[in-house]
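Number of protein chains: 2
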Amino acid sequence: MEPIRNFAQLTSHLKSLNTRKRIAVVCANDSNTEYAITRVLNEGFAEFLMIGDSAILKKYPELKKHSQYVHAIHIEDPDEAALEAVRLVRAGEADILMKGIINTDNLLHAILDKEKGLLPAGKVLTHLAVMQIPTYDKLLFFSDAAVIPRPTLQQRIEMIWYAIRTSRCFGIQQPRIALIHCTEKVSPKFPHSLDYVNIVELAEAGEFGDVIIDGPLDVRTACERESGEIKGIVSPINGQADVLIFPNIESGNAFYKAISLFAKAEMAGLLQGPICPVVLPSRSDSALSKYYSIAMACLTCEKMI
Amino acid sequence: MEPIRNFAQLTSHLKSLNTRKRIAVVCANDSNTEYAITRVLNEGFAEFLMIGDSAILKKYPELKKHSQYVHAIHIEDPDEAALEAVRLVRAGEADILMKGIINTDNLLHAILDKEKGLLPAGKVLTHLAVMQIPTYDKLLFFSDAAVIPRPTLQQRIEMIWYAIRTSRCFGIQQPRIALIHCTEKVSPKFPHSLDYVNIVELAEAGEFGDVIIDGPLDVRTACERESGEIKGIVSPINGQADVLIFPNIESGNAFYKAISLFAKAEMAGLLQGPICPVVLPSRSDSALSKYYSIAMACLTCEKMI
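Top to bottom, those sequences are chains A and B.
In terms of the working numbering, the first sequence is residues 800 to 1104.
In terms of the working numbering, the second sequence is residues 800 to 1104.
With the rest of the complex left out, here is chain A (with noise of 0.2 Å):
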């Protein structure tokens, strides 16, 4: 598989698998998300079970041309709602969780259960996004910008093996992993770049098999080769990242935020731990960023363990 290098290429992938992932959404009641639904229906990868007020499809009539791929189940109540879409996952009757305009912590409690949740006990819940900016040449991936405000070692390399595991879904057979921080220097007064000591030693050990991992390192030199022979920084990161990790929480949401503010870019992403990609837009996450993701989800649930 040629790597995925753009949001175009990952979507015609998708449709050249020629098969259709299941996708249960909760509440999807808001012009954003059948957006995304539509979209998604017309290029024919997904199928959807719509959970919650029904009304929807009377609401949305394109969606009713995709009628025998548009399962509505009726349920008012919100976390009545979020229980049942967690239900069909667990069933194995849906591929692929999606949050519609149900307030986020309402379906976190519902997956993150821990009788009849998601998440796989020992499991870190992490982010990871994608974002496609009109002046990298190519996807690059970063973790997290909204659920561990300040990871440990532990959850640093947890959020490594996701960012692994879903850019080989892209194809990058060596991904290029670059820990965040704002000079090249390890100090003692930034803990993370002494954990980053750690998992450098880690990856050299082959710990995290065909990979390049290197840091710390500032975003410029990370994804920008001439900033990093200005600086005399021999890195095998090379300017070439294709995964940023970030210190904290901070960071990331500042780097997303800014980036798709400034830089025109687009954005999909998913929360890492649960049993099935979760499709977990942001109120001001635009229409395109809302399809892109279930894009990601639908490439990554392929090889979902």
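I should point out that these hints are in silico values taken from the structure, not numbers from a laboratory.
In this text the structure is predicted, and so the values were computed from the model without any measurement.
Treat the hints with caution; some may be incorrect.
Heads up, the list lumps identical chains together, so a pair's fine if it works in one copy or across two of them.
Computed cross-link-like contacts, SDA-like style, restricted to lysine to any residue with a CA-CA straight-line distance of at most 25 Å [to be verified]:
hint : residue 1 : residue 2
1    : Lys913    : Leu952
2    : Lys988    : Ile947
3    : Lys1030   : Pro948
4    : Lys1063   : Glu875
5    : Lys984    : Thr903
6    : Lys864    : Ala854
7    : Lys1030   : Ile947
8    : Lys913    : Cys968
Given the structure of chain A, go ahead and fit chain B onto it with the hints provided.
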């Protein structure tokens, strides 16, 4: 004075003043610094005291054309050169200090000397930068991407004061200052969000004068009205921030590196706290960025206390 909205307006304003600031440059032996100095000399808004190896004047013949505004002080040892530059500022013979290729730590050592340095006792040393982003309709100031890892409440307040003072020099009468976080929610899990509550209260009590301060806000909500509307956030910033105060150095730095690389933004930056503006470019800053930083220094030393 009309607000200065981009770097072209900044330099044409400086030219219109018809005065020259005196800049002491320590070890200006690199081509980016030489470009910046030559361009300033051509524009005519500063003169230079070049402290270091005076062979520089032979190396860069362009400087000779402006020989009446370029004064070489031959001191080969970089640490001695730094001490002399600091002495010149203290003696009132230079208005601005600029770093050439001397190591940052060595220059800071001279600046921070308690007896003979430039930082008054009790003043907070921090970094304030300003970006010209092609996709934003005015200049955007931000702090701190370079000096203070995790500011205290008192340091945040000082960062805000520096930003207010500087934005006033740029003609912004009522600066809009956004206190950045990854969401709009205050939470004890994020101590900086509690600081923000304090700061907004101080601002509402009139402590900072005629400014608009709000937070926590994320970068998008601070800089794009539509994002706030979608999320139902009502903020007096109204998506038109002039200043972003970042929660920590990692987020400020990720913002700065990402925007300069992916959104093709140009940047100027200065140390804040010393008795004169200090231009302290990092190695990977562009020649243009050094030029704009000198211009920012010339504008803001005008009203220096």
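**Item:** Intra- versus inter-subunit Cα pairing at 25 Å for Lys864 with Ala854
**Value:** Answer is within; shortest intra-copy Cα gap is 16 Å, inter-copy 78 Å.
**Message:** For Lys1030 and Pro948, with the copy left unspecified, which applies at a CA distance of at most 25 Å: within, between, both, or neither?
**Reply:** between (30 Å within a copy, 21 Å between copies)
**Message:** Within, between, both or neither: how does the pair Lys1063, Glu875 come out at a Cα-Cα threshold of 25 Å?
**Reply:** neither (37 Å within a copy, 48 Å between copies)
**Item:** Within, between, both or neither, where Lys988 and Ile947 count as close if Cα-Cα is 25 Å or less
**Value:** This pair counts as both: shortest intra-copy Cα distance 20 Å, inter-copy 11 Å.
**Message:** Regarding Lys913 and Cys968, is the shortest C-alpha distance of 25 Å or less found within a copy, between copies, in both, or in neither?
**Reply:** neither (28 Å within a copy, 57 Å between copies)
**Item:** Copy assignment of Lys913 with Leu952, given that the CA separation must stay at most 25 Å
**Value:** within (24 Å within a copy, 39 Å between copies)
**Asked** Between copies, within a copy, both or neither: which fits Lys984 and Thr903 at Cα up to 25 Å?
**Response** Answer is between: at 14 Å across copies they meet the 25 Å cutoff, but 37 Å inside does not.
**Request:** Since the copies are identical, ignore which copy is meant and state whether Lys1030 and Ile947 lie within 25 Å (CA to CA) inside a copy, between copies, both or neither.
**Result:** Only across copies: Lys1030 and Ile947 sit 22 Å apart there, 31 Å inside one copy, limit 25 Å.
Violated hints for the displayed structure, listed by number in ascending order: 4 and 8.
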